[in-house]
Amino acid sequence: MNRMCASGGERPMRVVASFPALVAVALLGASLLIAGGGCEPSTWTYRTSDGFTIHADLATPAGDGPWPLVVLAHDLRTDRSAWAPLVPDLVAEGWAVVAFDLRGFGQSTAEAASPAELKESDRANLSRDFLATLDAAGGIAGIDTSRVAIVAAGLSVNPAVQVASERSSVRALALIAGLITESEEMFLLEHGDLPLLLVASTSDARDPGLMRQYASRMTGRGQRYVEIDSETSWRGVDGLAAPTGLAEHLLLFLQENFPAPSESSPASTKR
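Quick note: the sequence shown uses the working numbering, first residue 4, plus one each step.
Among the clues, some could well be false.
[Said to hold, decoys possible] Cβ-Cβ distance ranges computed for the label pairs, FRET-style:
| hint | residue 1 | residue 2 | range |
| --- | --- | --- | --- |
| 1 | Pro-246 | Arg-224 | 26 to 32 Å |
| 2 | Ser-171 | Ser-236 | 35 to 41 Å |
| 3 | Arg-220 | Ala-87 | 30 to 36 Å |
Don't read these hints as lab results, they were simulated from the structure. Remember, it's a predicted structure, so these values are computed and weren't measured experimentally. Quick reminder that beta carbons are idealized off the backbone N, C-alpha and C, glycines included.
Between the sequences and the hints, there should be enough to build the whole structure, so can you do that?
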């Protein structure tokens, strides 16, 4: 994983992994290579239950934790590097952050050479990439995987909702663009107390129409819809590379609905 540094130098990020944690991750079929001090590049890889090797970037605040975990999942046209502009701000707030490449994207591969684009048969298994990420992160000292927020864009929206329906540890969801299936919509409607942010760009011809139909029905206490109007044309994670306000909306949503506890704060209860 590439270690990313917080701006300003006040709360530098670091990668942590105790020896017992490394053993735990290895038992999951993962390997974690940690570089020395500063911001030297490191690599984090782990295996899914169906044989894919996932590559990820992990960043944590200074200190020993525990830190709640924010998982960042990219869309069809990008890879994990697209989240880099957002990571320093998240870490500065006190969250551990992992951004990973979905199978067939970036550096993530299958046991054999991966196709350049996902096959339809692979799409149904994308949730395995998320589950492997959560399980591997659970073996790293200081990361509290009982408190997880997922920020997903486009292709990652569906598996993000699927994982939220399977893991009560997922406490917040931010979905940027994408098409939600009927079963996923039912889950979100039935769990109106699960903080949910739906984001669309007015510069995209399709997304606002899709997201509005969900937003009109998802009126739970923690559910909201944001339609961002900007002069820059963007979709999905692309909005982080331009002054669109996307990063600010995501950060505010997480601050309000998934706050990182201070050292003196009691642990949060599960939903």
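Verification of the hints:
1. Restraint check, Pro-246 to Arg-224: a C-beta distance of roughly 31 Å satisfies the suggested window 26 to 32 Å.
2. In this structure the supplied range 35 to 41 Å holds for Ser-171 paired with Ser-236, their Cβ-Cβ distance being about 38 Å.
3. The given range of 30 to 36 Å is respected by Arg-220 and Ala-87, whose C-beta atoms sit roughly 34 Å from each other.
Of the numbered hints stated above, none is contradicted by the structure.
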